[in-house]
Amino acid sequence: MGPESRSARIRTLVAEQAARRGDRVGVVDVCTAAVAALPVGGAGVSAMSRTAPSHPLCSTDSVSGQLEELQLTLGEGPCVDAFLHGSAVLAPDLLTRDLQDRWMVFADAALEAGARAVFALPLQMGAISPGVLDLYARVPVRLNAEEMADALAFADLATLVLLDARIDETGGPRDGPVEDLGAYRAEIDQAGGMLTVQLGVGIEEAFVRLRAHAYAQGRRLGDVAADVVARRLRFPPDAEPDQAGEDP
Amino acid sequence: MDEQLLSKTFVELADNLVADFDLIDFLRLLTDRCVGMLDASAAGVLLADRDGKLRVMAASDEQVRVLELFQLQNDEGPCLTCFRTGAPVIVPDLTREIDRWPRFVTAAHRGGFGAVQALPMRLREETVGALNLFRAAPGPFDPSATLVAQALADVATISLLQQRTTQRSTVLNEQLQAALNSRVLIEQAKGKLAERQGIDMERAFTALRGYARSHNRRLADVARAFIDESEPLYGLGA
Numbered sequence: 001m002g003p004e005s006r007s008a009r010i011r012t013l014v015a016e017q018a019a020r021r022g023d024r025v026g027v028v029d030v031c032t033a034a035v036a037a038l039p040v041g042g043a044g045v046s047a048m049s050r051t052a053p054s055h056p057l058c059s060t061d062s063v064s065g066q067l068e069e070l071q072l073t074l075g076e077g078p079c080v081d082a083f084l085h086g087s088a089v090l091a092p093d094l095l096t097r098d099l100q101d102r103w104m105v106f107a108d109a110a111l112e113a114g115a116r117a118v119f120a121l122p123l124q125m126g127a128i129s130p131g132v133l134d135l136y137a138r139v140p141v142r143l144n145a146e147e148m149a150d151a152l153a154f155a156d157l158a159t160l161v162l163l164d165a166r167i168d169e170t171g172g173p174r175d176g177p178v179e180d181l182g183a184y185r186a187e188i189d190q191a192g193g194m195l196t197v198q199l200g201v202g203i204e205e206a207f208v209r210l211r212a213h214a215y216a217q218g219r220r221l222g223d224v225a226a227d228v229v230a231r232r233l234r235f236p237p238d239a240e241p242d243q244a245g246e247d248p
Numbered sequence: 001m002d003e004q005l006l007s008k009t010f011v012e013l014a015d016n017l018v019a020d021f022d023l024i025d026f027l028r029l030l031t032d033r034c035v036g037m038l039d040a041s042a043a044g045v046l047l048a049d050r051d052g053k054l055r056v057m058a059a060s061d062e063q064v065r066v067l068e069l070f071q072l073q074n075d076e077g078p079c080l081t082c083f084r085t086g087a088p089v090i091v092p093d094l095t096r097e098i099d100r101w102p103r104f105v106t107a108a109h110r111g112g113f114g115a116v117q118a119l120p121m122r123l124r125e126e127t128v129g130a131l132n133l134f135r136a137a138p139g140p141f142d143p144s145a146t147l148v149a150q151a152l153a154d155v156a157t158i159s160l161l162q163q164r165t166t167q168r169s170t171v172l173n174e175q176l177q178a179a180l181n182s183r184v185l186i187e188q189a190k191g192k193l194a195e196r197q198g199i200d201m202e203r204a205f206t207a208l209r210g211y212a213r214s215h216n217r218r219l220a221d222v223a224r225a226f227i228d229e230s231e232p233l234y235g236l237g238a
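Chains C and U, in that order, are what the protein sequence lines are. If you're matching positions, the first sequence starts at 1 in the working numbering and goes up one per residue. If you're matching positions, the second sequence starts at 1 in the working numbering and goes up one per residue.
Hints in this document: simulated from the structure, not taken from any laboratory. Even glycine gets a Cβ: it sits at the ideal position worked out from N, Cα and C. Treat each hint with caution, since some may be false.
[Unchecked claim] If you want the footprint, here are the derived chain C segments under chain U, 3+ residues with CB under 8 Å: (1) 65–77; (2) 85–94; (3) 196–208.
[To be verified] Have a look at the derived ranges for each label pair, beta carbon to beta carbon: (4) U:Leu161 x C:Leu84: 15 to 25 Å; (5) U:Glu12 x C:Gly202: 33 to 43 Å; (6) U:Asp99 x C:Asp61: 55 to 65 Å.
Isolated chain C, as found in the complex (with noise of 0.2 Å):
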């Protein structure tokens, strides 16, 4: 399997799982995924926020529901390192002497709950950085460059999900699995940033506001954020975008 086709290598395996429910992909089909694809044996995802409180959304089997709501209660854990840091925490073995020591109480808790290795991925795209995806198994193991790339396009894949959640009915992926919407361009970026000023939102608005007025029309999203660049296309505040003349 090259790497060209990893996301979408990862996106049907999601897209699998959540025809088997016979839903709308939501952040479970991509834990239990994970779990099927990874040398894991379960996984959970927590909603977390700097200034909201955090909760968990899923968790595919008991000791992992276990492990989102020690962390979260305790507040320490690779799950709040990852999300502080914004970087993926690995913890292949817990009984090992510095892990014990930087999760004093989390760390014997978890390998009472059942977890020997625990890996944390951020669920980010720059500033947006909705919560975290979750790994443990029961034995200690060690995720190979491959199983560590797969982990991480699982949790690319978590965070899209979770903000496509969003979208209301009008314009939402309401049918099938989460679409591609073309590959990545920096303007889709920028053009996050510009709509958070536009529409006078946070970032994590702007970007699903975007991605719902590509869905609604039918476009690209790097389309689409480069009309905005281009400043051809304005989203004003509380009301459906419309086209713009040229930058005045």
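Could you slot chain U onto chain C? The hints should help.
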């Protein structure tokens, strides 16, 4: 090649690879020095994401027109060839490559460029990205300058591995991911500032970077604070 400028540049780059350096700021410095030292008109550092797509990490010019030239090379162009083969690609005269890379050559000419070089960013066995240099005038590249360019590409690779990580993790994937994410953060902040002040992307970048430097802060931290509005940043209209 000005020997004095050369050694001064490498000392400067080494000086900037301090414990808490900002990756994007550092790579911008590196691309600026490429332009100053290597007779290039524009330079960019591109890093592959996990789908093998090349993404701009830093460019000597943040204008959309120039960034597009880098982005375009996900379909065709010297950077893509360099990344795929792991070998330098040197094109002294772009007009001769119009059949090989029709879209890229056309766009490069429109941008005012006649010659291009792409140097691989190699890490152990893996090529993780490329340093891309554009020159206005066609003509042969000085072989000694190409050696320097490759050395600068190697410095760019080193900087990717030196970036601040909370985890002692030496997982390459994760480090590249963090690098790409720090660029996304900068793009978001550029967009916000460009819209707020009615300026273009290059000026927005320069203003953010200038603010970070004059306040002795990391560019990424300033960008995040600016987007989150978590603190007043006087002068950025926040």
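So, going through the hints one by one against the coordinates:
no.	hint	verdict
1	65–77	violated (count 0)
2	85–94	holds (count 6)
3	196–208	holds (count 5)
4	U:Leu161 x C:Leu84: 15 to 25 Å	holds, 22 Å
5	U:Glu12 x C:Gly202: 33 to 43 Å	holds, 38 Å
6	U:Asp99 x C:Asp61: 55 to 65 Å	holds, 57 Å
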